[in-house]
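Protein chains: 4
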Amino acid sequence: MRKKQTTIKRFLLVLIITSFNFYSGQAQTNDITDNEALKAVLAAKEAAEKTGVLVNIAVVDAGANLKSFIRMDDSFLGSIDVSIKKAKTARYFNIATGELGKLTQPGGIIYNIELSNGGLVTFPGGIPIKNKQGKIIGAIGVSGGTIEQDHAIATVGAKSILN
Amino acid sequence: MRKKQTTIKRFLLVLIITSFNFYSGQAQTNDITDNEALKAVLAAKEAAEKTGVLVNIAVVDAGANLKSFIRMDDSFLGSIDVSIKKAKTARYFNIATGELGKLTQPGGIIYNIELSNGGLVTFPGGIPIKNKQGKIIGAIGVSGGTIEQDHAIATVGAKSILN
Amino acid sequence: MRKKQTTIKRFLLVLIITSFNFYSGQAQTNDITDNEALKAVLAAKEAAEKTGVLVNIAVVDAGANLKSFIRMDDSFLGSIDVSIKKAKTARYFNIATGELGKLTQPGGIIYNIELSNGGLVTFPGGIPIKNKQGKIIGAIGVSGGTIEQDHAIATVGAKSILN
Amino acid sequence: MRKKQTTIKRFLLVLIITSFNFYSGQAQTNDITDNEALKAVLAAKEAAEKTGVLVNIAVVDAGANLKSFIRMDDSFLGSIDVSIKKAKTARYFNIATGELGKLTQPGGIIYNIELSNGGLVTFPGGIPIKNKQGKIIGAIGVSGGTIEQDHAIATVGAKSILN
Chain W
1 MRKKQTTIKR FLLVLIITSF NFYSGQAQTN DITDNEALKA VLAAKEAAEK TGVLVNIAVV
61 DAGANLKSFI RMDDSFLGSI DVSIKKAKTA RYFNIATGEL GKLTQPGGII YNIELSNGGL
121 VTFPGGIPIK NKQGKIIGAI GVSGGTIEQD HAIATVGAKS ILN
Chain Y
1 MRKKQTTIKR FLLVLIITSF NFYSGQAQTN DITDNEALKA VLAAKEAAEK TGVLVNIAVV
61 DAGANLKSFI RMDDSFLGSI DVSIKKAKTA RYFNIATGEL GKLTQPGGII YNIELSNGGL
121 VTFPGGIPIK NKQGKIIGAI GVSGGTIEQD HAIATVGAKS ILN
Chain L
1 MRKKQTTIKR FLLVLIITSF NFYSGQAQTN DITDNEALKA VLAAKEAAEK TGVLVNIAVV
61 DAGANLKSFI RMDDSFLGSI DVSIKKAKTA RYFNIATGEL GKLTQPGGII YNIELSNGGL
121 VTFPGGIPIK NKQGKIIGAI GVSGGTIEQD HAIATVGAKS ILN
Chain V
1 MRKKQTTIKR FLLVLIITSF NFYSGQAQTN DITDNEALKA VLAAKEAAEK TGVLVNIAVV
61 DAGANLKSFI RMDDSFLGSI DVSIKKAKTA RYFNIATGEL GKLTQPGGII YNIELSNGGL
121 VTFPGGIPIK NKQGKIIGAI GVSGGTIEQD HAIATVGAKS ILN
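Those protein sequence lines, which keep their order, are chains W, Y, L and V. Position 3 of the first sequence, counting from 1, maps to 3 under the UniProt record's numbering, and the rest follow consecutively. Position 8 of the second sequence, counting from 1, maps to 8 under the UniProt record's numbering, and the rest follow consecutively. Position 14 of the third sequence, counting from 1, maps to 14 under the UniProt record's numbering, and the rest follow consecutively. Position 26 of the fourth sequence, counting from 1, maps to 26 under the UniProt record's numbering, and the rest follow consecutively.
The set of hints was computed from the structure by calculation and includes no laboratory data. Hints may contain errors.
Since the list gives no way to pick one copy over another, a pair counts as held whenever it fits inside one copy or between any two copies.
Stated by the list, open to error - Using 25 Å as the maximum straight-line C-alpha spacing, the simulated BS3-like pairs for lysine-lysine come out as follows: (1) Lys159 - Lys130; (2) Lys39 - Lys159; (3) Lys132 - Lys159; (4) Lys39 - Lys50.
Using the sequences and the hints, build the whole thing.
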């Protein structure tokens, strides 16, 4: 009898915690918040500064709408649009832009998909942003360095919101 | 004499039925109707659900104008535009998009035609919709799965209006 | 003592129901589902048919992305884009398009805002769609009739998801 | 003699300080830096939060290119583009957007100039950002509140870089 009561209590505790998480954390669960987006952008900027790379950094929300952006001094002007398009592309198809690019080459299964959605960017530098539960809540796009640098900086930004 | 009368009667009956079909069903003959477009979209959606694929489905009419559309929950945001462009492309050139894609590769006879018409999509997933007489009356575009899945789902949608 | 237990039981019951609603109904709470979007479009179409008006009907989701669409036979071709822009405008600013239009006239406080966001439509026919809790989860846009008819038909569509 | 030496020393000191300021602060003089743009955006966000207004905030540099951006949670989706266009408009013509709007009304001397430059926004909320010397080095655009709130928040952002 006592054991049964304990089991019920534990079950109810889980329920209460779940409910609490629901009410307090709903926005974070499904969509990136402004503070998370800002955190991602600043973490990426810091990573870029450490390696001496000048980049543009864009974060979009779950609806692929621009959420935060920063352009480092003296970075390429052409990278403003590229970074935003990388972030959008990563969220449009829930994939790292470099992975998508492997499929869009001549002879690839989705050749020239870049011409849809007002212009996509399918080389590395854009990656989805996931929350702690692994759900995609937005995306980050980085442009200005080499594609390896851009991808590495974007990764730092995306992961920063988990800390 | 009696036989002749019967023949005439049958001939007239066929004429009446034909005329009736012509007058009542004219729209169906040359252009997809709203109910047919809805039927195609719903049949495609059902086929996608059966195979567990999340897609966007667009149907355009004989004039390549959007006639009906549905986006399944959690399907790719980027597939809205891709599905509509697949449907338009299929009707613009009265061909399955995958067939067109064979001709648009580097060295192909219509290389980079994707840049025309505000952006075409030339990989599989878009196909013309024909009526019972084989006349093209619209087109359907599906995006969200693999190109094989998209094409198969589009085919189900296109054929559904024949039943 | 018995009373206290009853109170606790009731409290827990509410918790359980809340949790259940959370798990079963999360998508509906924040964003319109495909079935709701379809329901809204069909309810609006039925209302249009009853009054003999030929319209285009578009529904966008919480992210202002196209979710469902239908064009009635013989309705204006120009209304495809107008209906979609009405739906997007209503969600972009969480307001009935006709209300926004009162502020965008010459001398109005947001004159010519129509030129932003790739083109807005600010006359009646677009309204936000709310769930039972009153939260905006998408929007509907109707075009093809008079502005009064469009607005009335859009209202029928928006309210249909509450039943 | 001693007085003359002192005068020379003072003259040299001024020269050194001036040179130092020139070399270390050149970027600030002609163009807003990334840190200043970030500071302006955050100051505007803080001002918006204090007054309970949900806004989008954009800063462009001296070249009218996007430099930093933040969208507050639950602010209007349509305000992303409006805030960016307000910032660009303010820098395109070195004027507060509301002042420009007085000239663009029907009968105004630059009627419908909103149609140029890919779309301008000419109601309040966009203002030039000046450095300590009064030189325009960028602009800020705010959208989401009333036009008075947007203008007030933009002003806080623009002035924050002077501290």
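Right, here's what the structure says about each hint:
no.: 1; hint: Lys159 - Lys130; result: within (8 Å within a copy, 34 Å between copies)
no.: 2; hint: Lys39 - Lys159; result: both (10 Å within a copy, 24 Å between copies)
no.: 3; hint: Lys132 - Lys159; result: within (10 Å within a copy, 36 Å between copies)
no.: 4; hint: Lys39 - Lys50; result: both (16 Å within a copy, 21 Å between copies)
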